Amino acid sequence: MPLFPTLPIDITGNRMPSAAEHPVRTLLSRRGLLAGAGAGGVAALLAACGSSGPGAHPGSAGAAGATGGRRGGLITLGAPTPPTALDPVTMYDGTAIALVQLVAEYLIWLDQDFQLHPALATGWTSSEGGRTWSFTLRKGVVFSDGTPLDAPTVKASFDRLLDPANKSAALSAFASVLAAGGVAVSGADTVVFHLQRPFSDFPYLVSAGNYNALVLKADYKLGMFAQRPIGTGPFLLDSYDVGKGASFSRNPKYRDTRTPYLDGVKVVFHKDAQADLLALQSGAIDAQILSQADLVVPIAGSGSIAVDKVSGTGLSAFTLRVDRPPFTKKEVRQAIAYALDRPGVLTSVYNGVGVAGNDHLFAPAFAAAPKDLPQRAKDAAKVRSLLSAAGVGNLRFTLSFDPPSKAYALVIQDQLKRVGITVDLDQQTSEAFYGGNQETDTPWLFTDANLVGWAGRPTPGQFIIPMVKSHGAWNGSKYANPVLDAAADAYDAATDPAERRKQAAIIARALHEDVPVIITAWSGAVRAYRSDRVRGLRAHPSAFLDLTTVSRV
Amino acid sequence: MTSAEVDSAATRPPREEAAASGAPHRARDQARARDGSLAPRGLVRRPSFVVGVCLLVGWVVVAVFWPWLAPADPMAQNPSLRLLGPSGGHLFGTDQFGRDVLSRVMAGARPVLEVAPLATALAVAAGSLLGLVCGMRRGLVDEIVMRVVDMFAVFPSLVAAVVVVALAGRSTTTLVLVIATFSTPMVTRSVRAAALVEREKPYVEAARLRGEPFWSLLWREVLPNVSGTVLVEATSGLGNAIFAASTLSFLGLGQAPGSPEWGASVADNRVFLQQCWWTVLFPALAVGSLVVGIALIADNLREQATRR
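Chains as they are written, first to last, in UniProt numbering: chain W, 1 to 553; chain P, 1 to 308.
A few of these clues could be false.
To be verified - The calculated label-pair distances, taken between Cβ atoms and stated as ranges, are: (1) Arg396/W <-> Val141/P: 48 to 58 Å; (2) Leu140/P <-> Arg396/W: 46 to 56 Å; (3) Pro71/P <-> Ala486/W: 54 to 64 Å; (4) Val159/P <-> Ala85/W: 23 to 33 Å; (5) Phe65/P <-> Gly420/W: 42 to 52 Å; (6) Ala356/W <-> Ala153/P: 55 to 65 Å; (7) Ala153/P <-> Leu278/W: 36 to 46 Å; (8) Asp256/W <-> Gly288/P: 50 to 60 Å; (9) Pro71/P <-> Lys167/W: 51 to 61 Å; (10) Val159/P <-> Ser134/W: 57 to 67 Å.
What the hints assert, rightly or not - To give a feel for the contact side, a few chain W residues facing chain P, derived at Cβ under 10 Å: (11) Gln274; (12) Leu277; (13) Leu278; (14) Asp294; (15) Leu295; (16) Pro343; (17) Leu346; (18) Thr347; (19) Lys406; (20) Gln427.
Hints in this document: simulated from the structure, not taken from any laboratory.
Every value quoted in this text rests on a predicted model; they were computed, and no experiment measured them.
Each residue gets a CB set at the ideal place from its N, CA and C atoms; glycine is no exception.
The shape of chain W in the complex, shown without the other chains (with noise of 0.2 Å):
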């Protein structure tokens, strides 16, 4: 019998508190800071983005994805039961948003490797340093209801999302970059955003990287999308059942003439898990949207089961605190960071999927991520000396988590044990750990040690401004260095791609020398499909759905 309730499943595939949980661990599972994120931009790759020609739709990369496919053919997909509504202003979990994008479209659709590509927006440019955002909207896209999308319609739909009253998920992504107020029009196809401060990300704040910033119509009513599903994505919802599943058909007045491919999919809602992977495995579907690679790496291959697998962004963060010791010691940490085997966390902790960390907060999915900063990797010899210099002869600590981080904590445990440093593990439940009051005592931001799961963010300073700059909302390690939160500043506001990769390098290497954080991974996501039936389909770091390139084999 459990203890607690089941927890719904978050949009990597994992299980998720509940819808009363902690405000910050809301956050932390769901979304997490867009707001308050690190402004600055690639601003050359979205200008080169904002180029992009017209009839590339949100999905693909470009028009290489629309030629190839079998037309027509309907597939059937598996998934968790959505455990929240299906409403794209305040959905958060990733059945839901799959479903959603299949029918609503983003200014900006975010691909697995982290590119902008553009969707209802052609083209987007900045001024006022960053301040002001313009957004050209593609002409001749119409709701599957007739009606045209114009540049108010988009502004209702930013204005919905900024309105407190509908607590929005994507509210908390514009925290202190854009208020309610801040989204004004210009002429019929033309958006602009006037933004508190200046941000060079904001582009990925209006993409699908913010879920929920989907453009609905003018008119549409907080919770009455399975009722009136209207959007201008590439299929329409025909039928709905919280209890059963869902069902698609082709959006006949879909922008892009050549896509989608399929004429119709069908969604089997299933209980859990292994229900969803006892399905695919015995042909009841043909795909799932989520799922998790625990389970399907070790059948990948087997029949014509297979996984794709893509990089992303994200972490569990192996916190020390640096005002408490044994951790006031720099070597302390460094030591603890030299004993962990990157590889072997990779392979017990994320099945293999995924990239190596370097105790930097920069993923390699990230434009400005340094790439000169050496690999660091495991070295008992270092371990022992750094110990030795530290003047700690026995380490010994408690690592506090909870039941989610509970094969890195005991991987961790074992490798430190095998150099000599004893690690005793504190399990709590998710309520304890992330339970408690924020400035003064919970158990994620307060204990020694601890390990927090961090969702995947599209932008790296979504996790540097509240983890380690100086006083930052979820800073647990308690981490301040003048330096870091210079360059952080710098690093939001700059918009040239040098400054912000120089920036970048003085934050991951004050990162990687101070080891406040630990982070030895990257996780990635993976996708399962029966390759004899469905052809085209990707693994997304957020396990996004796009099925606009998607065709029967």
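Knowing the structure of chain W, use the given hints to seat chain P on it.
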């Protein structure tokens, strides 16, 4: 010899006869054996009893000597050996961390056989005392105790145990106390029922007439004659305690993270059941074999006691 003494001698149970006549203990045991009592000679002829004892003794030996018997360190991880199926190198395969499942099954016997017998011993001691007092004393004490026992009986003990362990925190002491607490009412009820029967027997009346103190009456006269019930309760309680301990561990409320305890192992590996059945099957079989073994012993003891 007075008439009272004559009556008393005539109605004494075998144990009392032997004691009264000053015969050696051997004579008493022979008398009990003839009477179909719990003497080992009758039980060892039963194959199911022997199988049960072999299973129990086998696991006790493994629990004590696993550091010398296990082929590998049950805690040592090896990522390159993850989820290997049973083979010559790893008879029971390996788990998600590359740990040897056979070694973990062997090591997992120790936490199980630390918690369950301790909890059972506590429950039997407390339950026997309460049952005897209630059965012999009756009155208000009996009423109060039995209503409490009734309350425990109608409340799902596992749910209550889960809540208590979750609140009190995970430790071996907590596990032992919780399992003992929720096992005590059943022992109390059974021993009380046996004591009620004994209470009406002439030898108890005779002891009272002799002026034997109450606690002496319980300890010297009644307890030996309900020992069969106590033994049966102890064995069946042990099986229940093992199951309860494993269940709590399965729910994450038993042993510390990473423990090879069987219930915890089943829980940790259940997501791999379809792909890597060996990670779940062998710990589950271990729990099952131990519980079955103890159940066989308990059944035989119960049957033997019924013949008395």
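Evaluated hints:
no., hint, in the structure
1, Arg396/W <-> Val141/P: 48 to 58 Å, "51 Å, holds"
2, Leu140/P <-> Arg396/W: 46 to 56 Å, "54 Å, holds"
3, Pro71/P <-> Ala486/W: 54 to 64 Å, "57 Å, holds"
4, Val159/P <-> Ala85/W: 23 to 33 Å, "31 Å, holds"
5, Phe65/P <-> Gly420/W: 42 to 52 Å, "28 Å, violated"
6, Ala356/W <-> Ala153/P: 55 to 65 Å, "57 Å, holds"
7, Ala153/P <-> Leu278/W: 36 to 46 Å, "39 Å, holds"
8, Asp256/W <-> Gly288/P: 50 to 60 Å, "59 Å, holds"
9, Pro71/P <-> Lys167/W: 51 to 61 Å, "57 Å, holds"
10, Val159/P <-> Ser134/W: 57 to 67 Å, "60 Å, holds"
11, Gln274, "7 Å, holds"
12, Leu277, "7 Å, holds"
13, Leu278, "7 Å, holds"
14, Asp294, "6 Å, holds"
15, Leu295, "6 Å, holds"
16, Pro343, "7 Å, holds"
17, Leu346, "8 Å, holds"
18, Thr347, "4 Å, holds"
19, Lys406, "6 Å, holds"
20, Gln427, "5 Å, holds"
Consistency note: the structure conflicts with earlier hint 5 alone.
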